[in-house]
Amino acid sequence: MAEVRLDNITKSFGGVTIIPQLNLLVPDGSFTVLVGPSGCGKSTLLRLIAGLETPTAGNVLIGGRNVTEAEPSQREISMVFQSYALFPHMTVAQNIDFGLRLQKMPKAEREARVAHAAKILALETYLDRKPSQLSGGQRQRVAIGRSIVRNPKVFLLDEPLSNLDAALRGQMRIELAQLHRSLGSTMIYVTHDQVEAMTLADQIVVMNGGRIEQIGPPMELYDRPASEFVAAFIGSPKMNLLPGRSIGRQDVRTAGIRPEHIRVDGSSGQWHARTEVVETLGADTIAYMSAEGIDSVTVRLPGHMRLKVGDKLFLTPEPANLHLFDERGQRIEARA
Amino acid sequence: MTRSNILREIIRVGFLCIVASFVLGPLAATVLGGFKSNTEIQTSALSLPEIWRFDIYADILSDPGFWRYLGNSLIISVATVVLTLLVGSAAAYVFAQVRFFGSKMLFSYLSLGLMFPFATAILPLFVQVRDLGLLDTYWAVILPQTAFGLSLAILLFRTFFSELPKELFEAAYVEGCSYIRFFWQFTLPLSTPILATVGVFVFVQSWNNFLLPLVVLNSREAFTWPLGMMQYRGEFSVEWNRTLAFVTLTILPAVVFFVAAQKYIVAGLTGGAVKG
Chain G
23 MAEVRLDNIT KSFGGVTIIP QLNLLVPDGS FTVLVGPSGC GKSTLLRLIA GLETPTAGNV
83 LIGGRNVTEA EPSQREISMV FQSYALFPHM TVAQNIDFGL RLQKMPKAER EARVAHAAKI
143 LALETYLDRK PSQLSGGQRQ RVAIGRSIVR NPKVFLLDEP LSNLDAALRG QMRIELAQLH
203 RSLGSTMIYV THDQVEAMTL ADQIVVMNGG RIEQIGPPME LYDRPASEFV AAFIGSPKMN
263 LLPGRSIGRQ DVRTAGIRPE HIRVDGSSGQ WHARTEVVET LGADTIAYMS AEGIDSVTVR
323 LPGHMRLKVG DKLFLTPEPA NLHLFDERGQ RIEARA
Chain A
1257 MTRSNILREI IRVGFLCIVA SFVLGPLAAT VLGGFKSNTE IQTSALSLPE IWRFDIYADI
1317 LSDPGFWRYL GNSLIISVAT VVLTLLVGSA AAYVFAQVRF FGSKMLFSYL SLGLMFPFAT
1377 AILPLFVQVR DLGLLDTYWA VILPQTAFGL SLAILLFRTF FSELPKELFE AAYVEGCSYI
1437 RFFWQFTLPL STPILATVGV FVFVQSWNNF LLPLVVLNSR EAFTWPLGMM QYRGEFSVEW
1497 NRTLAFVTLT ILPAVVFFVA AQKYIVAGLT GGAVKG
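Going down the list, the protein sequences come from chains G and A. According to the working numbering, the first sequence holds residues 23 to 358 in order. According to the working numbering, the second sequence holds residues 1257 to 1532 in order.
Just chain A, with the same shape it has in the complex (with noise of 0.2 Å):
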């Protein structure tokens, strides 16, 4: 290796580890945090705890409050996961498969909606919920999460349902398989990349949803953990060290959902899933 090369290399990954500190940094903070007395936090956030206080985290483990929150969470983030996979990918599988008249229009359309910002839509969106009678249900953050993260998937789903070989259908097609039929046999197995892919992206947003389930759940029995982790800011004070101990213990789910997919959007990305 020459002197360049080594320099190259020294550069590379120490980009490499500011960027992996950008994440791993808080990370870390948080999860040392739920170690530390509040007092410590403030001081020194970064540091290893003094004393390490293991009775936090055994506190919010112990709290039947916690498991109903992530409970709630589960319930919500997995519904919005099935259902943005099922309805983003039958209508991305229209719209790559079948020319109708329009299909350019609506499609467009429904790409407008990846510009439309989430918070301002809040209040019509209560309103609607509440007409509905939905509030205080899971369907009140599952079906507006679901509505809003449709142009998304469908914008993926289709680019890449629009790869998949076109002889494939046509093969099958030939054999009397339908269009229906093809999209549960042939378009949703060959695409499990894309699919692990979007359920991810929807799954994380979901999981860490604050501003929907604040205005559109009030009862505690319903509560996701980002609201449940409010129960610590008092008026006058924070409780930052059970907050800490809380948000890492919640996000763990979320961690394990995304190691388990990863290897499918690896593979989505290196490609080779269609070719037969």
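Extracted from the complex, chain G is given alone in its bound form (with noise of 0.2 Å):
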């Protein structure tokens, strides 16, 4: 277990500048997931601290140890790769313990690690199988078992589950909670994906242009987005992110408010809306609304709450949950 330290990491390729000095830590036994939208450059970061990359300026330090230098073997880190990147022509044993081989480990350590890998992966029947025998889910386990088998200190996945379907996903993202508290060990996880973020992460970084928007916990990205990049990024549905005036105030540029935050009455409110498109998903009820003098509002309802298109209804936002964005884009306290 090791923390990371990236010190004004800069990466450039050619002329163009992807990551412009970034400093980030991320503290030991943490699961910090990088999130942004394509492009931002989190991949990269993640290939910098693995050594696939060098940096053009700045130190990768991991558990106090500048690794700048360094080759991906010697950083104690394991990578699990967005295609798995499983070696076609070798068994799951063997794409397990390829690692373990080139360090020359005893057979009889190899043998017993892959046990155990196997054993917490659910692989114990697939070890003889090729790659192409086995389905995505199980691919992408023996992808995470050649992770393992290491003991890195620190495991670098780059968006593992994006190839996986939506049921799998769901599954995997269990799967990779119970697998990091069973070995406590540091996991830096990029995605695009803000729900797996959400759901995964201890901490995490918003990226945005090759800068750090915001660093955190989940909830307090969700609950303080100190931008409007990461108000629109963090949630689903989106964040409301309407125009000053529509709440009254012309200092402010824009004002956020969530789906849930908006009361919904038959009789009296703020904002006198129509009701575009319904989308019943159970638990809950999404509502794409039109209102006057603000193009559309979108407002989650509970489950039960029968909507039509074209009923009409007053909308108000709770004050409380109410976000302020300047001119910058930047949160301003909000003044209740």
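Keep in mind that a hint or two might mislead.
[Said to hold, decoys possible] Okay, derived cross-link-like pairs now, EDC-like style, lysine to aspartate or glutamate, Cα gap no bigger than 20 Å in a straight line:
1) G/K175 - G/E98
2) A/K1422 - G/E93
3) A/K1360 - A/D1315
4) G/K175 - G/E91
5) G/K152 - A/E1265
6) A/K1422 - G/D317
7) A/K1422 - G/E298
8) G/K334 - G/D317
9) G/K330 - G/E314
10) G/K126 - G/E98
11) G/K175 - G/D50
12) G/K175 - A/E1419
Treat the hints as calculated values from the structure; they're not laboratory data. Note that the coordinates shown come from a computational prediction; the quantities given were computed from them, not determined experimentally.
Dock chain to chain to rebuild the complex, using the hints, since each chain is given by itself in its own frame.
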């Protein structure tokens, strides 16, 4: 186990700077998720930690040791790739113990570690199969198994669930969380899926254009987004970002209100709105409405609430849950 | 099936038969020629023999010279294939995997070899081989053949290697695998289709090579089969039936080699070898 520290990391490809001067501390034993839209530099950051890319400037420290110039295999990390990167001509067992064979570990110990990893990941019956004979979820487990057996200090996971279908993704998410709890190692996980970020992380790092927008526990980001970008990125359905004048505040550019923080009433309220689209999710009903003076507002309602397209209602944002942003898109502490 | 479909099918099969006959016609004439007398070959080359003469094939098979030529050809061809595959794949691996200054220029320079006609190099080659003291040895044929086969081999290997998923290398690299180990443990085992394809090309080319052995091999002991075949050409007459029987027997290994490697070539064309 070890903390990961990035000191003034800069990465440029040719003349293009992907990551300009970034500092980050990943605490020992934490599950840190790097999240952001495509091209925001999160995968590059992970590859810098892994040693697959060399920083243009700055240092990478793992467990207090400067590993900026060290080979990936000497960093005591392991990495799980988006495409699994399983070795197609080797069996599951050979895939898992490949790194151990390179370390010239005695056969008995290797076998014991593979057996242990296979047990944790429920792969015992597949050890003699080739990757092509496995399902997507099983392949992902093999990739994780390959990481576990080396007892790394830090696990790096690069969008490991994005190739799986929705049901399997949900299941693997739970398995990953359990794995983190049982191993207790530091995990750095890259995803563009904010649901994965929210459900798995102790600490979320929201990235945008190579910079860190905000770092914090999931609920802090949810409750107190530091910028418009974070507000829009975290939470599903997205936060409503409305012009300040819609709540009678000319001094703020944008007012954010989450769909579940809007009260709905049939007779009175702040905005008069018409229902445009209704999504029934069972536990919740999501209504997309158009209000006077505002383009559209998304509202989360209890699942049993029956709404029809064209229904007219009054909406009122809860003042305590309003998020206000200035001209630069930065948070303004709300005046209640 | 509609009428136009039937017509299209007939045209297709007919066309394929014509194309196949270009290969099978001469092959059949060669095989059958070995059973005929010289007169019969000259009067009716494509017909079945009037009298089937098995003695010509039997004579050749019982001649120790034939087996020696065949052995020489086999040693030279196999050595050429092994050397071309080793050197070509190693060079192509560097071009595909490592970014270094001048790699594009060096690669273009190597590819230029594709345009270089072998026959024009024959005299300087002879001088070089003689100076190295390799005349009348297998190496006199193996080394130049390998050198001339490398352009195509590197071109084909590089294309194939660069299509192997990058993550495979990165995953192995993170585990502590070196470039050289990756080459032996991953690149080569995952490239059997292209290794087979290049191997077949090189083998067949070496097996049928006539000009280079003619120039650099003088002793009968070192002759390859195309040179051995020349023993049936006298100053005043050519023993066509013996020549054809000899050719039939000597092309058999090349055909067998091709059939054996065909599975891998087809596998390479249909893909899926790497996707795990």
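These are the hints, each one checked on the structure:
1. G/K175 - G/E98: 6 Å, holds
2. A/K1422 - G/E93: Holds. A/K1422 to G/E93 sits at ~17 Å (cutoff 20 Å).
3. A/K1360 - A/D1315: 55 Å, violated
4. G/K175 - G/E91: 18 Å, holds
5. G/K152 - A/E1265: Not OK: G/K152 and A/E1265 at ~41 Å, beyond 20 Å, violated.
6. A/K1422 - G/D317: 46 Å, violated
7. A/K1422 - G/E298: With a Cα-Cα distance of about 47 Å, the restraint between A/K1422 and G/E298 is violated, given a limit of 20 Å.
8. G/K334 - G/D317: Given pair G/K334, G/D317 holds - Cα atoms ~15 Å apart, limit 20 Å.
9. G/K330 - G/E314: Holds, at about 19 Å.
10. G/K126 - G/E98: 16 Å, holds
11. G/K175 - G/D50: Since the Cα atoms of G/K175 and G/D50 sit roughly 9 Å apart, the hinted pair holds (cutoff 20 Å).
12. G/K175 - A/E1419: 33 Å, violated
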